[in-house]
Amino acid sequence: MARVSEDADVVIRVRGLTMGFDDLVLMRDLDFDVRRGEIFVILGGSGSGKSTLLKHMIGLYQPLAGHIWVAGADIAEADGAQREAILQRVGVMYQMGALFGSMTLLENVRLPLEVHTDLPREAIDAIARARLQLVGLGAFADFMPSEISGGMQKRAAIARAMVRDPEVLFLDEPSAGLDPITSADLDRLIQRLARTLDMTIVIVSHELASIFAIADRVIMLDKESQGIAAEGDPATLRDTSNHPWVQRFLRRTDSDEERPA
Amino acid sequence: MDSTAAGAEHPFEYDATAEPGPRLRLAGRLDVHAVERHWGPLRRRARELARQGAGAVSVDLDGVEYCDGAGAALLHALEQDLATGGAEVWFEGMGRMVREQLAPYRELESVEPARGVHGRGWWPGLLDGIDRVGQAAHSQFSFVGELTRAIGSSLRHPRQVRWGDTLRVAEAAGFQALPIVSLIAFLLGVILAFQSAIAMRQFGGEIFVANLVAVSLFRELGPLMMAILLAGRSGAAFAAEIGTMKVNEEVNALKTMGLDPMRFLVLPKVLAGLLVAPLLALYANMIGLIGAAVVMQGFGIPWVAFFNQVTSALTLSDLVSGLVKAVVFGLVVAGVGCLRGLQTGSGAASVGLSTTSAVVTSIILIVVLDGVFAVLFYHLGV
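One line per chain: the protein sequences are A and B, in this order.
Heads up, the first sequence is in the numbering used here, so the first residue is 1 and it goes up one at a time.
Heads up, the second sequence is in the numbering used here, so the first residue is 262 and it goes up one at a time.
To be clear, the hints were calculated from the coordinates, so they are not data collected in a lab.
Quick reminder that beta carbons are idealized off the backbone N, C-alpha and C, glycines included.
Not one of these hints is a red herring.
Covered, in the sense of this in silico footprint (three residues per stretch, anywhere, with C-beta under 8 angstroms from a C-beta of chain A), are these stretches of chain B:
{"id": "1", "region": "335-348"}
{"id": "2", "region": "603-610"}
If you want a taste of the chain B side facing chain A, the calculated C-beta under 7 angstroms gives, among others:
{"id": "3", "residue": "E297"}
{"id": "4", "residue": "G330"}
{"id": "5", "residue": "M358"}
{"id": "6", "residue": "Y366"}
{"id": "7", "residue": "P374"}
{"id": "8", "residue": "A375"}
Given only the sequences and the hints, what does the whole structure look like? Please build it.
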């Protein structure tokens with residue numbers, strides 16, 4: 001398995017990644033790095049392949065070409081045991097939460113610890129409850145996922161994703177569908193995880209307010225050119241990029257049309 | 262002193278001293294690996310310190326380089342052990358990471374669960390149970406009522422029925438079931454004929470196997486086997502399909518668009534069930550007879566003799582009573598499948614429960630109804 005060693009600060013390195021399904025190519029030749037401890041946002045319009053890119057980064061999909069090194073190992077070429085070892089070091093929150101409907105929130109959050117650690121039950125319980133408290137759900141530990149709202153389910157899913165303090169936390173649209181206050185709370189939580197617990201956080205999103213608030217760096221996937229339209233700090237991109245699509249996306253203006261006076 | 266090799270330059274270590282004052286010093290990586298090893302020993306040590314200490318124990322965290330959630334759980338447990346031992350705890354050198362990790366554990370001390378986690382006693386539980394039985398009975402009666410109304414209205418206004426859906430379901434439940442029905446019916450005919458022929462041969466009455474097989478298939482086994490297969494194949498499919506739609510709120514979407522789920526989802530399936538059940542039963546009877554005829558070849562009864570005997574043995578009432586049963590079984594299987602689908606709660610597990618319940622309820626009802634028909638036909642002289 002190929003390894004990267006040039007830059008200890010890079011947690012995820014993507015080189016020459018072409019992704020898609022059979023004949024349908026979504027993106028060609030993507031190159032980018034995610035650095036340790038940063039909040040990295042993958043931006044793009046609907047159908048541009050943001051979530052697909054994330055699923056490539058966690059090894060759920062196989063790239064058509066190229067390499068993805070996660071924590072030093074190429075996840076695209078890893079065999080079962082190697083992939084398992086990589087996945088031990090990451091946490092993933094899926095778009096719809098993907099909580100197990102037959103378990104309470106506490107059982108959902110406890111599960112990764114029960115499977116992967118030898119901690120005593122008392123400790124597992126304490127950690128899971130604290131993680132639920134961290135996302136503001138301490139009082140709801142014994143609820144079933146079906147008994148709480150969609151936003152609460154998302155927060156519970158984040159608690160489950162980070163219960164083992166992963167090196168990299170992948171969040172697929174964490175704040176989509178949340179009210180502004182909950183969304184802002186979530187932003188603060190994400191920042192807290194990155195700043196104080198040194199987690200690297202990769203987010204797929206198109207919630208602009210949230211991105212400007214928390215992102216250290218963004219890449220913008222452009223469906224037309226099948227590549228990265230822009231890369232950098234979101235505010236700088238908004239102010240300096242001369243890519244028309246990037247401008248339209250970040251400023252939410254429609255430059256093609258005359259705006260009413 | 263113990264240590265872990267958690268892949269860092271400074272593995273976790275701790276020491277406890279009683280002099281000058283009771284003191285617990287932790288250093289290195291306080292991560293899940295360290296906690297796995299030290300959870301028990303460290304807490305025992307803390308309780309000893311609390312017993313020794315007169316008043317206060319200081320916990321020195323200056324050397325802690327990293328602390329994850331498990332590390333914070335251990336610190337919090339130590340804090341509580343010391344406090345319950347009567348000691349006051351002084352944390353020294355607590356870094357920002359430790360403070361952040363520890364915060365939710367401390368917040369939780371004052372969090373009240375949003376719902377009682379303990380059982381509510383047997384009396385409210387019993388009342389709940391009775392309530393659930395009542396609700397289930399209510400929903401079943403209202404389903405039967407609505408279904409009857411929908412079938413009645415479809416007879417008055419046949420154009421309102423979604424015939425396209427009905428035929429699609431009929432194809433899936435009927436035509437696509439032919440291979441398995443063929444296999445089971447053929448084997449049933451073979452087994453029935455073989456077992457009875459061995460007994461009949463002792464009396465030289467092999468030819469009467471045809472009577473036995475024909476009557477038992479047409480009156481009893483054909484409709485029964487068909488209904489059980491229909492329940493396993495299609496009743497389960499109806500429950501799973503409607504149940505998944507319920508979970509995905511598609512049923513609610515239908516309602517809010519002013520479309521009656523009964524007419525839109527249930528009626529096509531029930532009509533398809535009514536349509537295919539007698540046809541499948543008839544088909545199963547035929548294939549069963551062929552299976553029996555094949556066996557009887559081996560006992561020296563030619564095809565023609567076998568089928569002549571069958572036609573003389575069967576009466577119209579054998580055929581009709583079997584088909585009437587098949588129609589009722591088809592109605593029950595499709596109706597129960599749809600009812601269980603509509604009763605689905607939320608989540609993937611409840612779809613599984615609905616599917617299981619659809620098959621189990623159908624089979625129970627089929628067997629019970631079969632008994633009812635036996636008594637009824639006896640008294641009617643059919």
